[in-house]
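A.B. asks: Next come the chains, spelled out residue by residue.
Protein chains: 2
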Amino acid sequence: MSYIAPLKDMLFDIEHLANIAQVSQLPGFEDAGLETAQAVLEECAKLNEGVISPLNWEGDKYPSSFHDGKVSTTPGFKDAFKQYGEGGWQGLQHPVDFGGQGLPKTIGAACTEMLNSANMSFALCPLLTDGAIEALLTAGSDELKATYLEKLISGQWTGTMNLTEPQAGSDLAAVRSRAEPQPDGTYKVFGTKIFITYGEHDMAENIVHLVLARVTGAPEGVKGISLFVVPKFLVNPDGSLGARNDVHCVSIEHKMGIKASPTAVLQYGDHGGAVGYLVGQENRGLEYMFIMMNAARYAVGMQGVAIAERAYQKAVGYARDRVQSRPVDGSLNTAAPIIHHPDVKRMLMTMRALTEGCRAMALTAAAAYDASHHHPDAEVRKQNQAFYEFMVPLVKGYSTEMSLEVTSLGVQVHGGMGFIEETGAAQYYRDAKILTIYEGTTAIQANDLVGRKTSRDGGQTALAIAQQITTTEAELARSGSAHAQAVLKRLTAARLAFEDAVKFVAGHTKADPNAVFAGSVPYLMLAGNVMAGWQMARALLVAEQKVAAGEDVAFMQAKITTARFYADHVLSRAPGVRDSIVEGAAGVTEMALEAF
Amino acid sequence: MSYIAPLKDMLFDIEHLANIAQVSQLPGFEDAGLETAQAVLEECAKLNEGVISPLNWEGDKYPSSFHDGKVSTTPGFKDAFKQYGEGGWQGLQHPVDFGGQGLPKTIGAACTEMLNSANMSFALCPLLTDGAIEALLTAGSDELKATYLEKLISGQWTGTMNLTEPQAGSDLAAVRSRAEPQPDGTYKVFGTKIFITYGEHDMAENIVHLVLARVTGAPEGVKGISLFVVPKFLVNPDGSLGARNDVHCVSIEHKMGIKASPTAVLQYGDHGGAVGYLVGQENRGLEYMFIMMNAARYAVGMQGVAIAERAYQKAVGYARDRVQSRPVDGSLNTAAPIIHHPDVKRMLMTMRALTEGCRAMALTAAAAYDASHHHPDAEVRKQNQAFYEFMVPLVKGYSTEMSLEVTSLGVQVHGGMGFIEETGAAQYYRDAKILTIYEGTTAIQANDLVGRKTSRDGGQTALAIAQQITTTEAELARSGSAHAQAVLKRLTAARLAFEDAVKFVAGHTKADPNAVFAGSVPYLMLAGNVMAGWQMARALLVAEQKVAAGEDVAFMQAKITTARFYADHVLSRAPGVRDSIVEGAAGVTEMALEAF
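From first to last, the protein sequence lines are chains A and B.
When we follow UniProt numbering, the leftmost residue of the first sequence carries the number 1, and every step to the right adds one.
When we follow UniProt numbering, the leftmost residue of the second sequence carries the number 1, and every step to the right adds one.
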């Protein structure tokens with residue numbers, strides 16, 4: 001099943017919801033208007049549709065394999081990655097100074113989606129490399145930048161994030177890997193890291209590991225963690241590759257999905273110590289790692305959108321082809337393609353509405369990111385930063401949770417064929433399940449949302465966003481169309497439910513943390529639902545104007561119907577979730593642990 | 001991870017919700033009281049925990065394989081099936097006249113759950129055999145009964161259901177397999193059947209295929225379908241095995257889950273015609289097949305409960321063992337087992353509440369089944385029949401859909417380890433996905449619920465059940481406890497939502513079928529939610545009395561908390577779903593097919 005990039009929907013969001021015209025007024029983004037966006041997205045679509053997407057099922061059939069310390073990736077991956085690098089895609093959002101394209105996230109995010117729709121297992125290598133680049137840009141010394149950035153940005157080398165250890169998963173305070181300072185200013189790194197995505201592979205000349213470890217004598221807990229660069233091959237002063245470093249892959253995991261992406265166990269320092277270079281200052285590793293994490297979390301959210309889009313396209317294709325049973329309304333006297341059946345349409349609409357809603361939410365957040373970095377006015381930067389930071393756990397948490405629903409429906413649309421591996425729908429179902437886990441589980445995102453993003457400022461940011469939603473409600477009320485009225489009803493109810501939840505969370509986190517955290521994931525799901533639903537409501541308003549103007553009517557009608565569907569079938573879940581959050585703690589907190 | 005049968009919860013339901021004392025007053029079930037139930041369940045637990053459960057992961061690692069027309073099952077399956085048959089488990093609910101135990105479904109259903117928790121792939125062989133037995137009992141001639149029933153009931157032979165063909169999945173009207181009458185009264189059967197569970201295997205001496213086919217000259221559509229027995233080996237008059245029949249397995253499927261269960265493509269009549277024996281009368285095949293289907297649909301619902309229970313147990317085990325992060329309430333100064341974390345508790349409670357709710361719903365339905373067959377009063381039989389038939393699509397549809405949520409949470413509780421196949425949680429996630437598809441997808445169940453079970457009698461049965469729920473509401477109101485009040489609030493709101501939906505469905509199916517069927521699956525999910533939630537409310541009332549009497553207090557407290565959780569976190573979804581059903585059709589019906 002081939003993949004077709006949803007350029008039209010992406011460009012609709014980029015133009016009307018993310019407001020690319022405003023982004024292109026930011027210093028440094030002068031050339032990044034709608035035309036650039038369109039040109040970049042079209043070029044990106046070509047590579048992903050033609051080269052990278054066909055390797056997706058191949059990767060499931062012929063996963064990465066491990067032999068004698070070496071990892072062989074799926075045939076075709078190495079060449080595709082070469083094309084990816086040479087096309088400049090790794091550097092799309094990175095600075096021109098180091099060979100990047102310097103484009104805004106508002107455009108880059110859509111490219112991230114395409115790459116992940118095409119091939120999520122493949123896309124993980126660039127995704128992690130982006131994180132390494134981000135960390136070096138933010139905290140690396142000039143020497144580290146000079147040594148590593150250009151090669152990472154060109155795709156000659158790749159990057160990894162080494163956080164997890166057997167005893168330290170969600171809890172990084174438990175990291176035990178250690179780094180011994182050497183007289184020459186380098187460190188010797190020792191320890192075992194697990195779940196390292198593309199920790200070893202054959203697609204690039206060198207692998208630049210970003211590694212969390214404790215310097216000898218550092219404090220316990222998260223305040224004693226430092227960040228190191230540990231390259232697979234040491235780099236000579238002239239940039240050529242030197243000796244093999246003492247970091248070795250000892251095995252890769254046998255996983256339910258993303259089988260082509262090698263998940264490595266890395267052993268550091270078994271032969272005297274791996275040479276490591278400190279990034280930034282000692283004991284500030286977690287802070288730097290969070291820079292990578294935040295970029296990665298947003299990207300994983302886009303993976304949720306991406307795999308949902310792919311599953312949707314496949315399901316639509318099958319529903320058009322598969323003939324079975326007469327329509328219930330008697331409109332045809334013979335068996336019809338199953339897309340005629342209302343429940344199949346409902347499933348496809350659910351998939352579509354969730355995907356479009358989350359895409360709109362993510363692209364709107366991307367525009368805020370761009371403004372938060374590039375706007376000349378510090379106050380505007382700050383507001384956008386607050387908005388973006390509130391959205392990151394939602395983009396990550398909600399979009400990935402929704403991708404489980406969407407990929408499950410994708411299998412369901414296929415009926416019995418969906419359960420047969422060769423059909424391909426099952427792969428999306430299996431692949432998607434990692435998304436709610438890695439780069440921080442949904443619960444970890446929810447902790448972030450409750451703690452740093454809601455309670456810390458007493459719910460101010462959240463309530464300010466709710467206030468912005470009322471502006472959209474007022475516009476819906478002015479529209480007066482039946483669809484706008486229906487969406488208004490649901491959006492208002494959902495926004496009120498969100499406000500209730502915000503007040504509950506902000507008001508009780510300190511006094512009754514167990515009660516608040518018993519509802520933390522429902523709170524994330526409610527917030528994500530409202531934010532995505534809000535963007536769909538904004539989309540409806542734009543689409544109604546376009547229809548009135550006779551522009552692109554079929555597309556705009558579909559957008560209106562999809563927004564209506566989102567409201568009646570997804571936003572309608574919000575008040576019930578509010579009840580679970582605000583009134584539902586007893587069912588969790590009162591359960592004795594022995595009773596499970 | 002070992003499986004421990006939840007005997008206590010099963011017996012609680014059997015005693016207090018299904019009311020086994022009343023079942024044992026039915027003619028023929030005099031010996032089937034609580035003591036019998038307990039003895040049978042304990043014996044059943046031994047076999048499943050000790051013999052069948054350890055083969056579950058083996059089956060995933062070493063699936064059934066196909067070679068030269070033969071299927072080899074997972075090592076150990078053949079011997080386990082021998083023990084299953086010799087223990088009398090295949091005959092548990094079947095008539096004593098043919099070697100069965102003649103026990104009520106109220107007891108048998110709990111045994112079905114255990115077997116499926118232990119090993120869903122294995123359990124499919126007995127499940128399909130039950131269907132074949134049921135069809136022969138209902139419609140088979142004395143000769144067919146004499147030839148096949150004892151051997152099927154003893155486990156010497158197994159049975160299959162042959163419905164699906166490449167062009168005929170959900171739509172059996174499209175069946176093309178044909179049967180030519182022979183002068184000796186037999187038929188020659190020709191055709192291709194796909195997705196035949198245990199259509200070929202090495203666990204029994206003979207396989208008795210129940211096959212849908214059209215007799216030469218039969219009318220088109222569902223009214224021209226007949227049912228045939230086609231044994232793998234012909235049976236001599238003395239009961240010994242004769243010649244190999246002309247039915248051959250040509251391949252088995254490569255599936256996402258239930259890998260140990262061979263899913264066969266069977267070719268009938270490639271060498272002159274397979275000898276078949278008509279079951280009942282010509283052209284009534286679909287009617288007989290529905291007997292098998294209804295039994296099988298209920299059983300598949302129990303598979304949903306079963307795999308949810310297994311996933312829950314595994315998640316609880318991991319949550320107790322895995323140490324990570326300090327509790328949010330500061331109650332411990334060190335990292336704690338993750339079961340201390342509120343969101344992990346919430347996930348486990350969701351898994352538990354859904355599982356217990358669906359178990360209670362299914363066992364209550366089983367008691368109605370028993371009364372519908374055995375009660376001396378025809379009017380009581382009829383009422384119970386109506387109740388049972390209303391419940392079948394809910395037991396099948398809701399319990400299997402919930403099992404997707406539960407097995408997904410099961411992976412989630414394990415974090416990154418959940419995605420590693422060797423952990424075992426992923427297998428449940430992969431296995432469960434077939435449950436919403438086979439024996440009629442959730443949409444097919446919803447069609448049944450909307451058409452035959454709701455619209456046909458103008459919603460009478462559904463509204464009568466709603467009326468019964470108000471009795472429970474009155475009892476909750478009388479209890480006065482805070483938990484009862486909270487549950488009352490949710491149950492009332494959910495019941496009202498259900499009534500609205502029933503009236504909408506009953507009132508519009510004829511006039512606006514597209515609008516009704518656009519909400520058919522949401523209607524099923526709402527109805528299932530309310531029925532399971534109702535049983536949890538009844539359970540809470542029993543448990544409160546027991547606590548007051550000082551009986552089994554820890555268990556009863558946990559039941560109360562679980563009922564409370566179900567109300568606040570699951571029943572609370574009901575009003576939103578009502579909105580989707582009653583007000584949400586436009587978002588489905590207005591979408592142009594070309595716009596997807």
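A few of these clues could be false.
[What the hints assert, rightly or not] Chain B regions said to be covered by chain A (calculated; three or more residues, Cβ under 8 Å):
| hint | stretch |
| --- | --- |
| 1 | 92 to 99 |
| 2 | 204 to 215 |
| 3 | 238 to 247 |
| 4 | 335 to 345 |
| 5 | 560 to 573 |
[As the list claims (entries may be wrong)] Listed below are the simulated BS3-like cross-link pairs for lysine-lysine, each with C-alpha atoms no more than 30 Å apart in a straight line:
| hint | chain 1 | residue 1 | chain 2 | residue 2 |
| --- | --- | --- | --- | --- |
| 6 | B | LYS61 | A | LYS61 |
| 7 | A | LYS70 | B | LYS70 |
| 8 | A | LYS510 | A | LYS382 |
The hints are simulated quantities; they were obtained by calculation from the structure and are not laboratory data.
Keep in mind that this is a model prediction, so the values were computed, not measured.
A virtual CB, placed ideally from N, CA and C, is assigned to each residue, including glycine.
A.B. asks: Now look at each hint and say whether the structure bears it out.
C.D. replies: The hints, checked one at a time:
{"no.": "1", "hint": "92 to 99", "verdict": "violated (count 0)"}
{"no.": "2", "hint": "204 to 215", "verdict": "violated (count 0)"}
{"no.": "3", "hint": "238 to 247", "verdict": "violated (count 0)"}
{"no.": "4", "hint": "335 to 345", "verdict": "holds (count 8)"}
{"no.": "5", "hint": "560 to 573", "verdict": "holds (count 10)"}
{"no.": "6", "hint": "B:LYS61 / A:LYS61", "verdict": "holds, 16 Å"}
{"no.": "7", "hint": "A:LYS70 / B:LYS70", "verdict": "violated, 38 Å"}
{"no.": "8", "hint": "A:LYS510 / A:LYS382", "verdict": "holds, 26 Å"}
The earlier numbered hints that this structure contradicts are 1, 2, 3 and 7.
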